[in-house]
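Trainee: Spelled out, the chains give:
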Amino acid sequence: MAAVQDGPMELDTEKETKPEILSDGTSKLSGNTASGTLSSSPLTAGGAPKQEDQQTLIAVLQFLRRNKLSESVEILRREAGLEDQEDSQTLDGSGGGKGDRDGGEANSLLSRVSITSAAAPQSTLTPITVKRANEQLDVSVVLSAYSQQGDPSLYQVYYSGLKNFIESVLDCHRAELSQLFYPLFVHMYLELVYNNHENEAKAFFEKFGGDQECYYQDDLRVLCGLTKKEHLKGNEVLLDFRTSRFVLRISRDSYQLLKRHLQERHNNQIWNIIQEHLYIDIFDGMPRSKSQIDSMSGSFAGEARREVNKVKVFHGLLKEPEIEVPLDDEEDEAENEEGKPKKKKTKKDSMGSKSKKQDPNAPQQNRIPLPELKDSDKLDKIMYMKESTKRIRLGPENLPSICFYSFLNAYQGLTAVDFTDDSSLLAGGFADSTVRIWSVTPKKLRKVKSAGELNLIDKESDDVLERIMDEKTASESKILCGHSGPVYSVSFSPDRNYLLSSSEDGTVRLWSLQTFTCLVGYKGHNYPVWDTHFSPFGYYFVSGGHDRVARLWATDHYQPLRIFAGHLADVTCTRFHPNSNYVATGSTDRTIRLWDVLNGNCVRIFTGHKGPVHSLAFSPNGKFLASGSTDGRVLLWDIGHGLMIGELKGHTDTIYALKFSRDGEILASGSMDNTVRLWDSTKAFDDVETDDFTAATGHIHLPDNSQELLLGTYHSKSTPVTHLHFTRRNLLLAAGGYSSQ
Amino acid sequence: GAHTKMASPKTVPKDAQVMMQILKDMGITEYEPRVINQMLEFTYRYVTTIIEDAKIYSTHAKKSTVDADDIRLAIQCRVDQSFISPPPRDFLLDIARQKNQTPLPLIKPYTGPRLPPDRYCLTAPNYRLKSLQKKVSSSAGRITVPRLSVGAVSSRPSTPTLGTPSVQTVGTKVGTPVSLTGQRFTVQIPSSQAASVKSATPTTPTVQNVLINPSLIGSKNILITTNMVSQNSSGDSTSLKRKHEDEDDYDAL
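From first to last, the protein sequence lines are chains A and B. Be aware that the first sequence starts at 119, since it is given in this note's numbering, and climbs by one per residue. Be aware that the second sequence starts at 2, since it is given in this note's numbering, and climbs by one per residue.
No wet-lab data here; the hints were simulated from the structure.
Below, computed lysine-lysine pairings styled on DSS-like, alpha-carbon distance capped at 30 Å:
#	chain 1	residue 1	chain 2	residue 2
1	B	100	A	351
2	A	281	A	320
3	A	347	B	25
4	B	100	A	428
5	A	351	B	25
Facing chain A, according to a computed beta carbon distance under 10 Å, are these residues of chain B, among others:
#	residue
6	87
7	91
8	94
9	120
Just so it is clear, CB atoms sit at the ideal spot from N, CA and C, and this is done for glycine as well.
This is chain B alone, in the form it adopts within the complex (with noise of 0.2 Å):
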């Protein structure tokens, strides 16, 4: 790290002196001067709830003052949540033991990409197209809730997926009614980028949602909800050819 020369102990606080003291006696010598800081800020949560946590057990068990019996509890409750420490060695060895005991399996000849079965694998498309067609008579009086998250892409596994989904046109059944448009709660797609595409396609009026299968990403979903306003309702009205895939054309979980 960037060595600086260290603050004179004269004007460092006695808390930074004494976390230096520390870092010296596990002997660490060497050490950027944020380091200090980010100890105490450490050192500074660690502490305020442990005590906090420990003034809860003590009005919990209706005790006038904080002792040491209820910090020792609120210490041992935070170890085992935060401090986790790996399994210990007998359990280690015990499932070592029943894991080798199993041969290892033979290796099918010729069979292309060797990968887990696609349930374990993150190649399935992160996101579907819902067909709107099959929501018309059902949710013809209900409220859609509106599931519109555009989180950030998170670093959890949401990623780009081998194939894009194809999306078929719903042109053919189109009957769909203009008013539906009012019933979903939808995002318009910028103007430019709908004009765009617009020209490359006929005027079919569509209106469809993207939805996310939650079982398919793990915490955060994304949601790109469309709208295609049909040509009548408006006058700039844009379709957007997609292809879309049918609801169960892929690998379902």
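One chain only, chain A, in its complex shape (with noise of 0.2 Å):
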């Protein structure tokens, strides 16, 4: 039985009150209803059994033998005509119907401890053995139980009185209002199902699960499966959400209502949920429609702070260096540091004059340590120039022409692409394992001959670049073996030296492009790793895992770097910003963070994908983002701002390749759907003005122009596309795996 029931100042209403029955009188919940009314005030009155009062009465009686309050014990007994039962009478439970009210009792004021005390009783421990513990509990820790949860009874109670009210108020408020349903409900049903209650968890569930937005159904299909405490132990996803923060972002006067609705009730447990579980990032303006609030909302923790995303990010490109170029036409290197293309067609560079002055959004040159110029770098420096100088020129009416690489026979084992930025060279990641490499221009693959044949060839020759390597063994392909886990992503290192991939079995791999042999395994996530991505200067990479972090590694350290923590769900994907001093990671819970590689600070959550984000792309001059996820949605970042800017429907299956063209006029999108579809990101660009970023709430609307920004759509084959690149001419290239249905 149990000995505490409840506080000395309710024990009059303890006697008098009968207990509530909401739903069917199982045993558990008259248990919980008699100590519910405690915390609660009574709400319904349902007719209560005769043997409920019996036991209340009795727990009244422990409580104040406890207490040794005899005096006050002889006038219950008397006045209630009870008889004079020993406790262990009544515990050993004669009446089948009764012991299991008292277990079922003693089980939830138990579970209910539990809250507080983390001491996890077992549910199933006999009812006998529970009452025994139960005595032993200290009074003070039963009553602190209740003042911190309701009665899981009550809280399909407490949900739609939530409700009720939320549609009752003024339509400007009630949008946003309404962001608050799912983390409640999220929270409440796994503080049910932490404490043991399996049943008012899935009748909660069914009752309120199909309002939700339909943008969390497949997290709301996982919760589902969820009716234990033990489940939730290996779920670290889980975890972290009940104990990290929802943000939502309410204005002012909407957030008063609520207050105020809340704190007049007695029952104001949803007013402790919201100030356990939730933070409300208030502001000042116009509340939000609800358009506005759907562009945002969807990720796993609700929206991103204000204060989080006003770090001032330096996203201008570094200065590119001086470098003398030894042609007909004396072209003067020095570029204009916003990264505007080098339209290099008069001889003289009319733009060296502005060179002097420091673009305030780029950061200093040494602000990170970046690998020096070598000769060979210069060289390719130079080629990159006289490319750049045949470049067409993109836009709505100039369309790049799109070469699309298949690859045949891969079963659907293809996992992974990548072209070196001069697209002479092509990598598959595949899920054998094994890394190809193939020579996309007619030049063969050739490898650096062995250490004794190097001995023999003559080293001052002029061509001995050439003599180097191995004619013998030249070829169009070559195989690289080493991982054992299927290969989820490959990189090229800027120059064409390294090849990076990484793979299931948690390792990332730096193999070298001179010997194709493999050079070095990163170990550091044992979970698979994602993504990997080399820095545009080469040097320093990126890689993203399972484990929920992404780490950053010098190709001359075996350990990382940095450690970017702080997603809630595992990094699918990981890009540099184009000056090497941000790294941008999307993550399965459909957020989006900007990490600063200085000081391993994230500097820009970015919400608003419906589905794991898949694949990211940084515009050539820095400004902006791109992002593409399961949901088919491509979403475009402002960063300085911290701000979405833009959202381009139109692909119907998981987005896994964006790539900008060379001069940023173009964006391109490859998808599961087969299609490649080319928008117009000048336009989308232009279109947003800053002056409603300057506003405190920055909440812009979206113009829903999808379908002008649209440019074209291309269909394959019933082959996904898995990798797009910009040759350095702006020819579209694609690659995928053929699927033969």
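Mind docking these for me? Both chains are given alone in their own frames, and the hints should help you get the complex.
Mentor: Set out below in structure tokens:
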């Protein structure tokens, strides 16, 4: 029998009020309702069986006895007509039904205690054992437990109460307050599960699960399968959800309304839950409309707080080094810092005068250490300049040609593709753990000769660089074996010397493209590594995996230099900013975060996707970020202001490939729906003027202009698009594995 | 995957029907038919393992039957072994904070390929050739334990090397008595292979063992032992002129 029932103040009410029964009178419920009267105002007065009263009275008796209020004990016993029952007799539970109820009550009490004391009682313990343990519990502990949590069976009441309230407010506030539904629902459900109220949890879910927004349906399906506390244990994502605070952005007026409503009622359990689990970011201004809210919500932890996105981000490009080009037309290499395309039509660079000023948005040259330019790099740059002069200027009237590389006989094993910057090599990562490299140009792949043969060549000859290559084993493609799991990502280094591959076996491997052998295996993630990307200047690379962090490495350190932790779920996509000072990560928790390489801080959080983010692309000028996810939408973000500035709808399946053209005028997206779509990014970025951003709220109304921005849709014959690449002359290359259905 | 027609529910055994229902409840609508079989196999193996473990625990606790506590304990132990989940968030935030405090290291200029120290790379040769000479005196009466394991190349880092080690002939130190061949466990190189090399070299009888330094490779060792039978002893003598590295030559770990 429960030894302690309630505080002394409420003894009288306890005696007099009948315990309510909300739903069917299961044993657990009856126990709960009896104690539920303490913290909540009585709601319904259902017919209570006499045994409930009896039990309550005995509980009260117990309490009085313990506190040595013997006179009160006598009085109570006499008045209630109770027999002088010893604790032990009631404990052993003569009647079957009564015994069950006792057990139920004790169980519920104990389970309530578990919230505060974290002592997890086993709900399947026999009633007798439970009661004995219960007697030893401190009064204070049990009391404090009650003040924490409401009655589980009343959760439905709380929720519907809130629902009624929200439906009755003004339209303008309703959309904002409706944001509360989902996080409250999930938290209440998880509380019920965590405290072993399985039946209540299921009933709660059935009643209110269907009301939630459609974009939360996947999460709800996962929740539906979680009915016991043990299910929660291994699920890191949900545990994180429980402990992190869901962020809601609500205007001040709506917030006042809500607060007033919740605080004036006696049962302010919802208020408690809000305070504990939600973070309400209040802003001054107009309440947001439903469409505005919908576009920003969908992530696992709500939206981002405004302060998070206010950190200064240096999104400008680094100054290009001055290289003397020994060509017929002496072009000066000094580039405009704002990264304007190099239109070297005239011999003299008229933009040279601006090179003295520092772009305020660009980071210092030495903000992070970068490798110096070697002679070979300088030669590469010269080639780059030459090719840029022949670059086709793209636009809505001048769409790029698309060359599609289909991988035949891959049998859905093609998991990753990358091209070198000069489009001379193509690498494919496969589910059979191999990496294959092909030469896109007619030039065959050659590896360096072995040490013995190298001794024999003439080192002084002019063509020594050709002589060190082994002609005998030249081939169109090379296979790199080494991983022990599917290769999920490949990335070439900018100087074409190295290739990175990341795999399900938890390692990232560095391969040499001169000897076609593996050089280093970087171990750090102990879980599948979903993506890896070389820095645009080489030397650094970033990887992200199932362990929910992204790591920054340097090729000459066997341990990561930076760990970017903060995502609530797997990191599925990692990309460097063109100035190599920032890393963007997209995750299964439906957010995109921008991290500072210098100190590892998260400087931006972008929410709005409704599914895991699988592709990211920085615009060549460094100001904007495009992201694609499983919901088929491409979202455009302004990095400097930290806001969403565009939404491109059109794809019907996951978008795995995103690339901006070389000058940033066109955004190409490739998806599992076998199409490549071209979007007018100049128009998308121009349309948004910065005046709106200066408002504190920063909420802009996104025009639904996807159709205008769509420049073309190109279908492949049942080949999903895995990768896109613009050549230096703005020809679009696409790659995918042919699947025959 | 290949979408063949799903087996009609009537002909599908009950377990498979349950599995199909589970997949449907979890929202998975498209899957290859073999997925059901794989899931059922996994289920069967998992449940069997758990119940076996539970039986062990219950007999250890001297109980007559297996009860829920045993099962619970068995599940708990297996969860920590097989289904390891990534570290919790606060732990990750903690190590991230530590790691991110150190400033980024400066980059030394003009250093050639920027790779970690050799011991963290996979660039070392994964075999070495051990000279016989040093063993002559010490192992006269010893039985050499055969360390022959020709394993398939595992997908672990047992990768080819950047440069082949150079092998020098031990021709000058010949004194190798023929009788030594009996003491070593060797694998004869197929005569065809050996014959091709025969012409290249003079008849220098050498017996060499190629040993693997296990610290170089992870789990699998590849041992190739060659037996160069001296010409005096047998007619089809061969000798492989191989250049082998001195033992101290390579980067000893």
